[in-house]
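A.B. asks: Going line by line, the protein sequences match chains A and D.
Throughout, the working numbering is defined as the position within the first sequence, counted from one, plus 6.
Throughout, the working numbering is defined as the position within the second sequence, counted from one, plus 57.
Just so you know, the hints here were simulated from the structure itself, not pulled from any lab data.
The model shown is predicted, which means the values in this text are computed figures rather than measured ones.
You may find that some hints are simply not true.
Claimed, not checked - Subject to a maximum C-alpha distance of 27 Å in a straight line, what follows is the list of computed DSSO-like cross-link-like pairs (lysine-lysine):
#: 1; chain 1: D; residue 1: 72; chain 2: A; residue 2: 33
#: 2; chain 1: A; residue 1: 14; chain 2: D; residue 2: 318
#: 3; chain 1: A; residue 1: 33; chain 2: A; residue 2: 17
#: 4; chain 1: A; residue 1: 16; chain 2: D; residue 2: 59
#: 5; chain 1: A; residue 1: 43; chain 2: D; residue 2: 319
#: 6; chain 1: D; residue 1: 68; chain 2: D; residue 2: 106
#: 7; chain 1: D; residue 1: 310; chain 2: A; residue 2: 14
#: 8; chain 1: A; residue 1: 14; chain 2: D; residue 2: 59
#: 9; chain 1: A; residue 1: 33; chain 2: D; residue 2: 106
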Amino acid sequence: MCLAIPMKIKKISGEFAEVESGKFTRKVNIQMLSGIKPGDYVLVHAGFAIEKVDAEKARETLRFIDEIR
Amino acid sequence: MKYVDEYRNMKLINKLAAGIKSINSGSPINIMEVCGTHTQSFFRFGLDKLLPRNIRLIAGPGCPVCVSSQGYIDTAIALAKRKGVIITTFGDMLRIPGTRSSLERERAEGREVKVVYSPLDSLKIASDNPSAQVIFLAVGFETTIPTVGLSIISAKKEKINNLSFLCALKLIPPAMDHLLKDKRLNLAGFLCPGHVSSIIGARAYEFIAKKYRMPCCISGFEPTDMLEGIYIILKQISEGKPSVANEYARIVKRAGNVKAKKIILKIFKTVDSCWRGLGVIPHSGLAIKDEFSQFDAAKVFNVLRATSYEPRTTKCRCGDVLKGLITPAQCALFSKACIPDNPIGPCMVSQEGACSAYYRYKK
């Protein structure tokens, strides 16, 4: 039930933002986050953006795996 | 999908599987995950087939629907039967067996039970039905709790006075602590839940690594995430250095989501809570604070919060499955009397339940 998916912020209006994933868009509440802007990716759960995706850390994780031998 | 596809890369998956084999000691290792989404991902992506046979991933009490007590479901059903009540709920709750009925059966008999995607949807249903009393079944772990908290804040701001929340919100770290006190459990590490951790932060598990010298790794839900989490736990075991590692750093911070944690503290207080199959676990649940009691369905409708321990009434062994003491297939009812279309135990009900996942992918 803790399923959450990364979606891209399209437009922000007040406490809500329009987010998209592929052709799918929806309106989510962004009150739990601060300093987000269009183009950012956020994790969406039950109609709320619960955290911002950190692009640099995302790359680091992939690099770490690639370096395993 | 960005931030999904990269973590399903076959080359990286194979690399991790090889990495796990190269540091595998060969002795039996039980790692427990406590998130229904982990349970589902693990079987769905066939990760069990990539692990050496001596390494077992056990599905712990990570599905909030599965651990909702029978008393809670009975209370929800009793409320659904009252005149003028509309129950709103996440879809997974519908089929959970209460003592005599389920919400699905009540709905078929004409009670108003509406499935919602977000707790916020309940606000609209309440506004659209001013003569009804709307009750949201607030079930969930730390990931969901701030969404319930913000919905209560919004309801107060919008002066919605025909909406309340029946809380069975539960906290993961106290449940992990409780499990570790059971001497029969033979655990070598915890794969900590990524989305719960996005709220509570990596710091919330540090007492577990310290007090029990138990390796922990927070992990995401894609195949490389879960395999990397297992790899990191095996490394901690082989180096004898238990700590809380964070594989899901693209989402999880050490302090978590501070804003979300403040919302939780504002609306809720810690209480003892009854987990189906495990019994009452001290300080493992949340209830609405008195200053927001107008939104507490337990107070509004004067029903008792279900805190009593419920003894097993059938041969169902979900409690032992949740502790990893047996696999679902070792329960006498599994795939015979108890199947997804006719669940007896809670772990067979939700798609995230250990028995249901086992039934769909392993049978």
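A.B. asks: Confirm or reject each hint.
C.D. replies: Going through the hints against the structure:
no., hint, verdict
1, 72/D / 33/A, "violated, 38 Å"
2, 14/A / 318/D, "holds, 24 Å"
3, 33/A / 17/A, "holds, 9 Å"
4, 16/A / 59/D, "holds, 15 Å"
5, 43/A / 319/D, "holds, 22 Å"
6, 68/D / 106/D, "holds, 16 Å"
7, 310/D / 14/A, "holds, 20 Å"
8, 14/A / 59/D, "holds, 9 Å"
9, 33/A / 106/D, "violated, 39 Å"
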